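*Asks:* Chains S and V, in that order, give the protein sequences.
Here the working numbering is used: the first residue of the first sequence is 1, the next is one more, and so on.
Here the working numbering is used: the first residue of the second sequence is 1, the next is one more, and so on.
Every clue listed holds true.
Lysine-lysine pairs mimicking DSBU-like chemistry, simulated, CA-CA at most 35 Å apart: (1) V:5 <-> S:32; (2) V:192 <-> S:167; (3) V:107 <-> S:167; (4) S:151 <-> S:112; (5) S:14 <-> V:69; (6) S:32 <-> S:167; (7) V:65 <-> S:112; (8) V:89 <-> V:136; (9) V:89 <-> S:112; (10) V:177 <-> S:246; (11) S:14 <-> S:212; (12) V:192 <-> S:32; (13) S:50 <-> V:136; (14) V:107 <-> V:136; (15) V:64 <-> S:14; (16) V:69 <-> V:143; (17) V:65 <-> S:14; (18) S:283 <-> S:56; (19) S:14 <-> S:32.
Covered stretches of chain V, as calculated for chain S (at least 3 residues, CB under 8 Å): (20) 61-67; (21) 72-78; (22) 101-108; (23) 118-127; (24) 155-166; (25) 177-188.
Derived from the structure by calculation, the hints contain no laboratory data.
All values derive from a computational prediction rather than experimental measurement.
Where a beta carbon is used, it is the ideal one built from N, C-alpha and C, also for glycine.
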Amino acid sequence: MDETLTNHLVELIKRASTDLPPDVVQALREAKDKEPAGSMPANTFETVLKNIEMAKGAATPICQDTGMLVFYVYHPLNTDTIAFRRQVEDAAKTATQNILLRPNAVDPVTGKNSGSNVGINAPYVTFKPWEKDEILVKLMLKGGGSENVGKQYTLPDSRLGAGRDLKGVRKVILDAVFSAQGKGCGPGTVSVGIGGDRGTAYLLSKEQLFRKIGSTNPDSELAALEDQLHEELNSLGIGPMGFGGKTTVLDVYLAKQHRHPATFYVSVSYICWAYRRKAMTLKNGEVTYHD
Amino acid sequence: MIKLKIPISEEQIRNLKCGDTVLLSGTIVTARDAGHKLMVEEHPEFLNDLLAEGVIYHCGPVVKKEGDKWSFVSAGPTTSAREEPYQGKVIESYRVRGVIGKGGMGKSTLEACRQHGAVYFHAVGGAGTLIGQSVKEVIDVFKLEEFGTPEAFWVINVEDFPVIVTMDSHGESLHEKVEAASRARLEELLQK
Numbered sequence: 001m002d003e004t005l006t007n008h009l010v011e012l013i014k015r016a017s018t019d020l021p022p023d024v025v026q027a028l029r030e031a032k033d034k035e036p037a038g039s040m041p042a043n044t045f046e047t048v049l050k051n052i053e054m055a056k057g058a059a060t061p062i063c064q065d066t067g068m069l070v071f072y073v074y075h076p077l078n079t080d081t082i083a084f085r086r087q088v089e090d091a092a093k094t095a096t097q098n099i100l101l102r103p104n105a106v107d108p109v110t111g112k113n114s115g116s117n118v119g120i121n122a123p124y125v126t127f128k129p130w131e132k133d134e135i136l137v138k139l140m141l142k143g144g145g146s147e148n149v150g151k152q153y154t155l156p157d158s159r160l161g162a163g164r165d166l167k168g169v170r171k172v173i174l175d176a177v178f179s180a181q182g183k184g185c186g187p188g189t190v191s192v193g194i195g196g197d198r199g200t201a202y203l204l205s206k207e208q209l210f211r212k213i214g215s216t217n218p219d220s221e222l223a224a225l226e227d228q229l230h231e232e233l234n235s236l237g238i239g240p241m242g243f244g245g246k247t248t249v250l251d252v253y254l255a256k257q258h259r260h261p262a263t264f265y266v267s268v269s270y271i272c273w274a275y276r277r278k279a280m281t282l283k284n285g286e287v288t289y290h291d
Numbered sequence: 001m002i003k004l005k006i007p008i009s010e011e012q013i014r015n016l017k018c019g020d021t022v023l024l025s026g027t028i029v030t031a032r033d034a035g036h037k038l039m040v041e042e043h044p045e046f047l048n049d050l051l052a053e054g055v056i057y058h059c060g061p062v063v064k065k066e067g068d069k070w071s072f073v074s075a076g077p078t079t080s081a082r083e084e085p086y087q088g089k090v091i092e093s094y095r096v097r098g099v100i101g102k103g104g105m106g107k108s109t110l111e112a113c114r115q116h117g118a119v120y121f122h123a124v125g126g127a128g129t130l131i132g133q134s135v136k137e138v139i140d141v142f143k144l145e146e147f148g149t150p151e152a153f154w155v156i157n158v159e160d161f162p163v164i165v166t167m168d169s170h171g172e173s174l175h176e177k178v179e180a181a182s183r184a185r186l187e188e189l190l191q192k
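Bound-form chain V, shown alone (with noise of 0.2 Å):
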């Protein structure tokens, strides 16, 4: 078990290898397909800061407001293939150490991890209740009302928040292998 601190440096980031696990605390992002669109076309420039060096949190929590406060319910993550497109952009143009997401991303996303120095952490999909604890503060939210309580920026502060690294920074993907060894059996199977 790896504890890392967020900030993340670059050689923290290369030490990390496909399997490990790891628990992250820090402030964390949350962004999905609208964010990612926005980050891409528009660089929204109050971001900067809070992702360099920092982390990407796939995830449209459920949240609860008591007064003037946020706070996170349900906060498991969301497939992250849909940021596909837009994911090894936002990697570059803002530095960013991690993506926290399940199901896994593509080549672009692998290319620009190797490229630049990050990798993807899977969280147990589904699993909303375990990680939204934690989840210790809201810190600030951005876009809430254009964007909707999911699709929002929530800027988090997490303790011992438990990923796994499934594509690491120099070009091995957890997900590549499985689909490989899945398509090997698939066409198997197809020939009976």
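Isolated chain S, as found in the complex (with noise of 0.2 Å):
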């Protein structure tokens, strides 16, 4: 075990779950600026900021659900992807003992937690191989409250009236954020997977959690429908926690894939106004960490 590489993903680990990227930061201070003074979405969203600051400085979880531990990371062709995996391991195992992380790992069939945060795929890693010589590792946490309120749709779908299009993608998606009420910890971020298989189609989804807030889609059309989305689920009104206010989401994230001339599926993931992703890059030895 390379101890050095251990340390440096351990603080990986350590700055996801402590300090909150400063888009997403920036956001909720937005949101609440929006809210009148006093009112209870307001008052809200200064628990959070508070909450924010306090884990910043004690670096103590900002949520106790730590979440789940997804790594995306992009490697030359020629990186030991099964060693790698092993450090992952270990510097879950080692984050969880120093308390920056709560065991989160169950066994389905015995029940039994793993109390590391270690086991069958957990952590969840993704190796991708890329031409650059450099080691880039994303994290994100996510947490169960907000992976519950994810939805899968298969297009058509008669109870809402939508058909096999952008138009019926729109309705599904205000469909889901509707059901998520404020069980997610809004206000969330929506990211969608249209297309592909049930499996990738999640993957998919999931992936656009990696961009920032207020990043603009490459494909015009569906930048568009991210701003027409974001501003019609803004006007559901379930506001931050449900309670009622102007924010009920951050962002919406649409991504494309081709499907089978049989298959529409649209998966919707939803995450927690905890959005918490870190990322770092290895080159030459050198460690450099980014948001």
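Grab the two chains, each in its own frame, and use the hints to assemble them into the complex.
*Replies:* Below, the structure is given as structure tokens:
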């Protein structure tokens, strides 16, 4: 085991668990400013922002649900990914011992919590080879409450009058956020995978969560729908924690991939306001952390 | 701002209205999915005195152990909806006066609150570090080995734990109101 690499990965986990990215904090501040001072949503945002400050100062988890660890590792072709995976597992164990993570890996058959965040396919690590001579590690901590409000739709959906086109996609996303109400710790950020099979549709939606709030989709048609949905979802008035208010979502991300002629899946993932993601680059033995 | 000490009498609970901000102090017990299932299926007696006129907290904390002493590091609420099948029965059988969680609960819990004199207290989800600081002491823990850290029954002393009443004992639910208003808007948008 490369102890230095383990330490870097533990530091990455620490940053993700205790320090929210600046784009998310900024979006939450703006949401607070839109509410009348002293109102229930304004007070809620104030509590949220105070908690973010306190967690950063004390280096304690922003939220006790430190989520499932989702890693994406972009690496040169000659990287030993089997060894790298062991390093990630080692870092997860250490970070759990250091109280940066709650033990969140449970065997679904025996009900036993592994106590270390390590288990079958846990942490979740995806390796992607690339041509650069550096390793980029992206990490997201995704809480269970927000994961539970995610939904996969099959178009057409007759209940919602949603057909097999972008208009239908819009309708099911509206329904997903309505159904979530406050249960996913809103305001959430909504990311959607359009097309693919049942598995890849969700993967595509999750990967979008590495985008930054306010970033523009390179596909102009999807960019326009993102803007429209952002406004329409906020008009639902669900607000922070479902207390009612002007901000129901912080942002909306859409992505597409080709589908089978017979299938049309729309996978909607939702991440809570505690939208924890960080990254680090390893190059020539040097490490750089980023948001 | 209303300050309440646990145990809470039925009269004190009946005085609370949806929207009230409350600071809770006293002994509360955490319970999540495994705990609620156990309370309904086996009614463990060790909880009787702790929950009579007491408060349940839907929470799976991040904890620290120094020597023999446990403490809470981060301890916000978990989603309460998962306990909906059990909560009404738990309120009735243990004479619980308050349930702290997030996201609100459904009709059977609201009805149990009305019948037996209890309320749903909403804490700010995700505010783990902030709420963790109102937990002053871990008194005991049950079923830690069997259920694991998040699901165990943690008996804790809290001081000025900040919550908002979002379901009261008179049949009012903020969650029902927000859902109805957002449903009306959703239906307009689906027509477009």
